[in-house]
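> So you can see what is in the structure, the chains are spelled out below.
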Amino acid sequence: MIKVLCFAHVAEELSVRSYTVPAPQTIASLRKGLSDRGVSGAERLMFAVNERYETDEYVVEAGDTVAVIPMVSGG
Amino acid sequence: MIKVLCFAHVAEELSVRSYTVPAPQTIASLRKGLSDRGVSGAERLMFAVNERYETDEYVVEAGDTVAVIPMVSGG
Amino acid sequence: MNWYQVNERPLEPMALYEAVRHRNVGAVVLFIGTVREMTGTKQTELLEYESYVPMAEKMLEQIAKEVDERWPGALTAIHHRIGRLDILEEAVVIATSSAHRADAYEANRYAIERIKEIVPIWKREHWTDGTKWIGDQKEQQPGRPEGVTLK
Amino acid sequence: MNWYQVNERPLEPMALYEAVRHRNVGAVVLFIGTVREMTGTKQTELLEYESYVPMAEKMLEQIAKEVDERWPGALTAIHHRIGRLDILEEAVVIATSSAHRADAYEANRYAIERIKEIVPIWKREHWTDGTKWIGDQKEQQPGRPEGVTLK
Chain A
1 MIKVLCFAHV AEELSVRSYT VPAPQTIASL RKGLSDRGVS GAERLMFAVN
51 ERYETDEYVV EAGDTVAVIP MVSGG
Chain B
76 MIKVLCFAHV AEELSVRSYT VPAPQTIASL RKGLSDRGVS GAERLMFAVN
126 ERYETDEYVV EAGDTVAVIP MVSGG
Chain C
151 MNWYQVNERP LEPMALYEAV RHRNVGAVVL FIGTVREMTG TKQTELLEYE
201 SYVPMAEKML EQIAKEVDER WPGALTAIHH RIGRLDILEE AVVIATSSAH
251 RADAYEANRY AIERIKEIVP IWKREHWTDG TKWIGDQKEQ QPGRPEGVTL
301 K
Chain D
302 MNWYQVNERP LEPMALYEAV RHRNVGAVVL FIGTVREMTG TKQTELLEYE
352 SYVPMAEKML EQIAKEVDER WPGALTAIHH RIGRLDILEE AVVIATSSAH
402 RADAYEANRY AIERIKEIVP IWKREHWTDG TKWIGDQKEQ QPGRPEGVTL
452 K
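For the protein sequence lines, the chains are A, B, C and D, in the order given.
For the first sequence, this note's numbering assigns the number 1 to the initial residue and increments by one for each residue that follows.
For the second sequence, this note's numbering assigns the number 76 to the initial residue and increments by one for each residue that follows.
For the third sequence, this note's numbering assigns the number 151 to the initial residue and increments by one for each residue that follows.
For the fourth sequence, this note's numbering assigns the number 302 to the initial residue and increments by one for each residue that follows.
Pairs of lysine to aspartate or glutamate residues, derived as EDC-like cross-links and limited to a Cα-Cα distance of at most 16 Å, are as follows:
| hint | chain 1 | residue 1 | chain 2 | residue 2 |
| --- | --- | --- | --- | --- |
| 1 | B | Lys107 | B | Glu132 |
| 2 | D | Lys366 | D | Glu414 |
| 3 | D | Lys433 | B | Glu88 |
| 4 | A | Lys32 | A | Asp56 |
| 5 | A | Lys32 | A | Glu57 |
| 6 | C | Lys208 | A | Glu51 |
| 7 | D | Lys433 | B | Glu87 |
| 8 | D | Lys433 | D | Glu351 |
| 9 | D | Lys417 | D | Glu367 |
| 10 | D | Lys359 | B | Glu126 |
| 11 | A | Lys3 | A | Glu51 |
| 12 | C | Lys282 | A | Glu13 |
| 13 | D | Lys433 | D | Glu349 |
| 14 | C | Lys282 | A | Glu12 |
Keep in mind the hints are simulated off the structure, nothing from the lab.
As the structure is a prediction and not an experimental result, all values here were calculated from the model.
For reference, chain A alone in the conformation it holds in the complex (with noise of 0.2 Å):
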């Protein structure tokens, strides 16, 4: 399984901190999932695996942790 993190705006309209998906899957198609799930803005959003930013095309594996980021607001 993949642990999936949420947050901000996301977390809000998934009403979830965090859920599991099966592995493998492409960021490509986490991103989907969310798209379908109704997460706004889901074409921008930015994805980490294990704290790492990685783009679409990456294969997440059984075991790792991604979270879905969307734009940052810090500062």
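We have chain A; now place chains B, C and D onto it with these hints.
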């Protein structure tokens, strides 16, 4: 009389912190006086009259205080 | 003191200042971001920050490494606060130091811009007339953090 | 607290920080210039600063006015220390604040550059192999302070 204040290398070269000269005088004439007394780099000195920068043509009157201002190096 | 820290504790700008000072530093620049009340006619009541903390702290450290590559020898310490912040409270402190002032200023500016690109921290504005999660105004390539080195 | 001050007392960066903060400030930048030991292979033992104090304080206030003209609403407080300073001691603190960070950074940088042009303060380096009054390296028009408005 005009009171002339000296700082940094000018004070050291003249061995005085201040001196007086007759009024009126232009700043150009004060500059020449400093040059004649052996102050180095007199052509690059700046001058303030009553705490305000003035240029060579300015006429200093009796009772004014002139500061001789070498290139500044604060900060 | 941790040089790269994201948590709920009030920030202490002087602790970061002391961290980046040493005998061959001639210039220290501190940036302190505080919660502002008015933005145009909109009135902020408080800000709420959320973060993916372990990754955010790693990214702060990465920014310091990027600074050192661009301005060799420059030191960078960054603390970001999260949770609920009132008007006037400090949200972020960035301290940079260098032998010469130009590097310390440029490094500091670079650090805040990078925070707004790659550090997983989100701000929710609580205005008098509602709340909203804020996305940074920077133009970004969709789905990809600006300037991030991907393997 | 005086916002523009030149004297022999140790500097307190946080006092200037507190001075320029208020509810509609979002960004404060502090510049702290400290005494550095090594410059290339030259070793500094201490610095000695001298000033024409009343005029220097007026010029600091003038710089703050120039800042406000260029970055409306930005606040500037500046303290410069004089006398003998050891390695690591603070010689100057500049605090600038503004609603947005770009103004606070630019205003601060402007202030330090103007200090090096128009404020009557002189630095004498005491190296391990001698002493020298330092003239700023900036190119200046002979006998005229750069950018000073003359009537």
